[in-house]
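Colleague: Chains as they are written, first to last, in the working numbering: chain A, 1 to 456; chain B, 1 to 456; chain C, 1 to 160; chain D, 1 to 160.
Keep in mind that the hints are not guaranteed to be accurate.
Within a straight-line C-alpha distance of at most 25 Å, the following computed DSS-like cross-link-like pairs (lysine-lysine) qualify [what the hints assert, rightly or not]:
| # | chain 1 | residue 1 | chain 2 | residue 2 |
| --- | --- | --- | --- | --- |
| 1 | B | 116 | B | 4 |
| 2 | B | 351 | B | 116 |
| 3 | D | 124 | A | 4 |
| 4 | A | 237 | A | 120 |
| 5 | C | 124 | B | 4 |
| 6 | A | 124 | A | 201 |
If you're looking for bench data, these hints aren't it; they were derived computationally from the structure.
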Amino acid sequence: MFRKVLVANRGEIALRIIAACKELGIATVAVHSTVDRDALHVEAADESVCIGPAAPSASYLNITSLVAAAEITGADAVHPGYGFLAENAHFAEILEEVGLTWIGPPPEAIRRMGDKSTAKDTAKRAGVPTIPGSPGPVGSTEEALKLAERIGYPVLLKAVAGGGGRGMRVARNGKELAAAFELATVEAERAFSNGSLYLEKYLAEPRHVEVQVFGDRLGKIVHLGERECSLQRRHQKVFEESPSPAVSPELRERMGAAAIAAARAVDYVGAGTVEFLLDQDGSFYFMEMNTRIQVEHPVTEMVTGFDLVKEQIRVAAGEPLSFPRVGGATDEFRPRGHAIEFRINAEDPEKFTPSPGTITTLHVPGGPGVRVDTAAYIGWRIPPHYDSLLAKLIVHGQTREEALARGRRALELFVVEGVRTTIPLHLRLLDAPDVRHGRFSTKWLERWLSGETPAA
Amino acid sequence: MFRKVLVANRGEIALRIIAACKELGIATVAVHSTVDRDALHVEAADESVCIGPAAPSASYLNITSLVAAAEITGADAVHPGYGFLAENAHFAEILEEVGLTWIGPPPEAIRRMGDKSTAKDTAKRAGVPTIPGSPGPVGSTEEALKLAERIGYPVLLKAVAGGGGRGMRVARNGKELAAAFELATVEAERAFSNGSLYLEKYLAEPRHVEVQVFGDRLGKIVHLGERECSLQRRHQKVFEESPSPAVSPELRERMGAAAIAAARAVDYVGAGTVEFLLDQDGSFYFMEMNTRIQVEHPVTEMVTGFDLVKEQIRVAAGEPLSFPRVGGATDEFRPRGHAIEFRINAEDPEKFTPSPGTITTLHVPGGPGVRVDTAAYIGWRIPPHYDSLLAKLIVHGQTREEALARGRRALELFVVEGVRTTIPLHLRLLDAPDVRHGRFSTKWLERWLSGETPAA
Amino acid sequence: MNVKEIRELADLVARRGLASLEVEEGGFRLRIEGPRPAVREAAPVPVSAYPAVPVSWEEKAPRIEAPAPAPPAAAPEVDSGVHVVTSPIVGTFYRAPNPEAEPFVKVGDTVEKGATLCIIEAMKLMNEIEADVAGTVVEAFPKNGQPVEFGEKLFGIRPA
Amino acid sequence: MNVKEIRELADLVARRGLASLEVEEGGFRLRIEGPRPAVREAAPVPVSAYPAVPVSWEEKAPRIEAPAPAPPAAAPEVDSGVHVVTSPIVGTFYRAPNPEAEPFVKVGDTVEKGATLCIIEAMKLMNEIEADVAGTVVEAFPKNGQPVEFGEKLFGIRPA
């Protein structure tokens with residue numbers, strides 16, 4: 001096992017990693033930028049090194065400084081957390097070159113899953129369902145109609161050169177497709193000087209359901225069930241839960257097996273997440289794989305009782321997976337109760353503008369089934385240079401109903417003053433019948449925020 | 001279900017009850033003395049009533065004020081918490097007379113278990129083992145020797161009129177007993193003007209192991225396993241855990257069945273605890289039954305996933321027990337992992353003198369498997385009129401080892417300034433090999449504190 | 001806004017003891033926080049919302065000595081010359097012995113020490129509250145039928 | 001707003017005991033927080049205990065422009081007349097190009113702008129740190145072979 005781990009991150013995840021190291025009897029080194037000098041992760045670690053000025057590129061993303069910090073403190077491994085350098089294969093390789101252990105998956109796995117089209121190809125070849133569509137540009141209306149007939153309507157046309165939703169058109173039948181193909185070609189030509197179009201199956205109301213996988217260096221890969229993360233705003237997850245209200249035990253086993261297959265295709269080691277789009281008819285399609293610990297890992301910890309961050313460290317040290325009774329080739333995964341994570345950001349709960357400032361009052365809720373992961377403290381000045389995640393409130397109950405009720409009372413007893421937070425947003429969300437009944441897709445939250453009648 | 005519950009208590013347990021009510025959608029009324037005006041339970045409740053001055057006898061023990069407070073606020077039930085009026089059968093009866101529901105066991109059960117000798121007789125008649133001894137005073141040395149022969153050495157002689165350890169003598173064999181009988185008679189005569197002596201089996205190194213029971217109004221009674229509470233100082237529990245390191249599954253079932261039998265003997269309803277002394281040879285003896293929720297109930301919540309306070313309220317409202325798979329006539333109880341509670345008191349960690357004052361800094365630990373129940377906040381002035389419990393830190397792990405490691409890191413990251421606390425005591429305790437190995441009796445902690453080589 | 005104007009506003013904040021002042025206009029924003037407080041201000045106590053409760057009027061009520069306990073720290077002063085009678089118990093406040101009767105006392109009345117000022121009902125018992133000083137009633141705080149807490153102000157009496 | 005005006009506002013905040021003052025105008029933003037309260041002391045930063053690390057001396061090292069970044073707010077002042085060169089990188093500090101050589105500079109030496117003051121090794125690269133002012137070296141902070149953080153004080157130079 002490692003003697004000393006350098007935590008190449010900040011905020012709540014740095015504190016989380018330090019907690020895991022402490023439980024394993026490993027010394028810790030915190031790194032920080034000049035504005036994070038008084039941050040809690042610095043205080044909690046055994047040692048700390050200032051690695052640069054506030055700008056992330058000059059500090060938390062500064063590979064030279066991080067490696068030097070590990071060298072001067074005699075650390076023997078580095079945990080990257082999430083964000084920053086967590087999915088940087090180059091950083092992983094440099095660490096291994098200088099003799100430090102990277103607490104993460106093999107660089108090659110990061111690279112193959114980091115590139116969208118390589119990832120999709122890899123998944124496809126591993127037998128994992130991906131969204132059906134044209135392998136390349138569609139040449140003509142006839143070709144498009146033939147393909148659409150095969151994969152089924154509705155279908156989506158999108159510009160090969162496009163992005164951000166521009167040049168995209170949905171067609172519900174052949175007639176619409178024929179008309180749309182011509183229009184979209186012209187639009188794409190005008191917008192991108194390239195009229196080529198892809199065609200793929202269109203999911204009207206997909207859910208974002210992701211599966212937690214874990215592999216060890218001995219080649220064992222298991223899954224720990226799914227997380228439902230459909231409630232998103234601008235692709236930022238707001239509210240995550242496990243299990244998903246839309247996943248049956250039978251579907252869980254199929255999604256789990258697919259996730260394991262994707263991970264196995266890149267010889268995965270450590271904690272990873274395979275993200276799927278789940279259609280209303282129960283079909284699911286590979287979206288991407290995140291080769292790191294996720295912000296929302298605590299919901300899986302709550303329904304399994306496992307410590308995923310400690311397991312990352314153990315696995316990186318070469319130990320076999322320690323999980324008893326998990327999802328895999330021979331075991332069926334059974335979540336224990338229901339967990340929900342509420343991301344509490346330091347931002348306006350209606351306009352979502354960041355609200356940096358100094359925390360003047362803070363009271364975190366306690367009691368049964370409540371967990372709070374935060375690096376906040378009274379007097380802490382939230383620097384404006386980093387993300388606005390202030391705290392993660394995770395609740396666990398025997399049933400989804402109990403977890404929802406517990407979430408409400410914990411949010412009501414959660415006091416933060418000095419900055420605006422998204423606590424009021426979560427309380428409003430808990431009032432929404434669709435949330436109470438688990439009826440939502442990835443499109444629900446933005447529709448609801450814009451005041452449209454919520455219809456899942 | 002109730003519409004509004006008055007919480008006849010203060011501090012963390014009042015907050016705990018308010019949380020349970022919130023989860024059940026029940027409105028709450030807090031009561032407080034004049035010095036508790038700024039207490040957190042007052043802020044957390046929907047309404048509050050000042051019921052008297054600081055002295056508990058004039059406020060939290062003032063039945064008239066409590067009933068009037070329930071009447072003027074329109075509450076329909078009262079939860080007494082622990083301490084104060086929690087085991088006051090008279091209060092329970094008055095509430096029922098004025099049409100309020102008492103969230104606790106039937107007054108008759110409280111009364112029968114409240115009187116030590118009635119409780120012991122009740123248990124004995126229910127077939128629950130009690131410490132063998134003379135039914136009344138022992139008349140002569142010969143009678144003492146004959147009785148000792150039957151129950152086995154060592155035996156304890158104690159003055160009928162005595163108390164607090166005075167006039168007690170241990171005899172390991174017949175010779176010692178004959179000598180001790182004469183001496184103890186003379187001592188008791190001198191000290192209490194009454195030379196009569198009881199004789200009972202002496203437990204050299206007993207453990208305090210208690211079983212959580214729960215009954216509903218339909219007559220079902222179950223047990224939820226045991227709590228090990230041997231680490232005590234002056235009969236105050238300091239550190240509690242579940243399961244007990246000394247209890248095997250087979251012993252758990254026998255103790256559970258005995259606890260259920262004791263509860264059944266008084267037609268028990270609600271949450272109760274049957275305390276046993278567990279001898280080194282695996283024999284156990286009924287000590288007493290606590291007819292309320294206990295301070296240490298969270299360790300049972302952590303290893304069961306159940307919410308005992310919500311269950312108290314449900315059962316008081318006439319609902320059947322909601323627990324799935326618990327210990328009882330047909331089910332075997334299996335704890336899920338291991339939980340430990342550290343009582344953090346506002347007192348000197350070495351001299352145990354109370355340390356009231358104002359909390360200037362407070363940071364509670366988070367992360368996986370950590371729960372903190374507290375009514376403390378920064379700026380809170382701890383009133384000197386009540387007990388010194390500042391917070392309960394409860395940790396849960398898959399194994400006892402993980403729970404211990406988690407306890408250590410949580411204690412290290414738990415910051416309280418402004419008052420002295422017992423956090424350093426707990427950190428020292430975690431260093432003691434006997435604590436790490438679970439080798440201790442009720443006598444261990446005082447011996448260890450006095451500097452004697454710990455020998456369990 | 002220039003520095004002189006800002007100074008004027010800052011002085012205003014300091015002198016008036018304001019918690020903060022914030023101005024925003026176009027791209028301009030000014031925020032001034034008042035003098036630092038001693039430590040953390042006491043958490044605000046939520047105002048209790050009492051529902052009215054039905055009351056059974058009884059013939060004869062027990063008398064409670066008006067103990068006029070030391071008013072709790074939180075009870076605001078009325079006027080240094082006025083003695084405040086606070087409630088020694090929790091219950092429902094009545095100004096008259098029964099719904100048809102005249103109030104025991106009205107503002108302006110002169111009362112002797114020991115005179116009944118009101119009744120507070122708790123657990124169906126009617127507790128008479130007596131004046132603990134002689135003087136003139138200058139204020140009557142709760143309304144008839146209103147619930148009162150321990151230590152709540154009942155009457156202001158200017159001692160004779 | 002110029003420095004004089006800002007100073008005026010800062011004095012104002014200090015004199016009036018304000019908690020803070022914030023001005024925002026166009027791209028300009030000023031925030032002044034009043035004198036630190038006695039209340040919560042800044043959390044103590046644990047002192048880092050660095051172990052010595054073995055070093056491989058190399059022939060040729062890259063030169064880093066001595067950027068002398070704005071010293072971080074927390075860097076304590078030495079003497080108002082002395083310019084402090086802080087470390088632009090994390091690494092191990094060396095006063096000489098190799099273990100047998102003389103130090104680049106000693107206290108009392110006069111240095112030109114651009115003169116090499118020391119080497120900081122990071123990732124096996126020897127980074128030369130240059131003087132960003134000409135003057136007299138009046139203080140040398142780290143010991144030879146000592147690890148340094150970003151922003152750590154290296155030398156004090158009294159400008160010529």
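Colleague: I'd like to know which numbered hints this structure contradicts. Please list them from smallest to largest.
Modeller: Hints 1, 2 not satisfied by this model.
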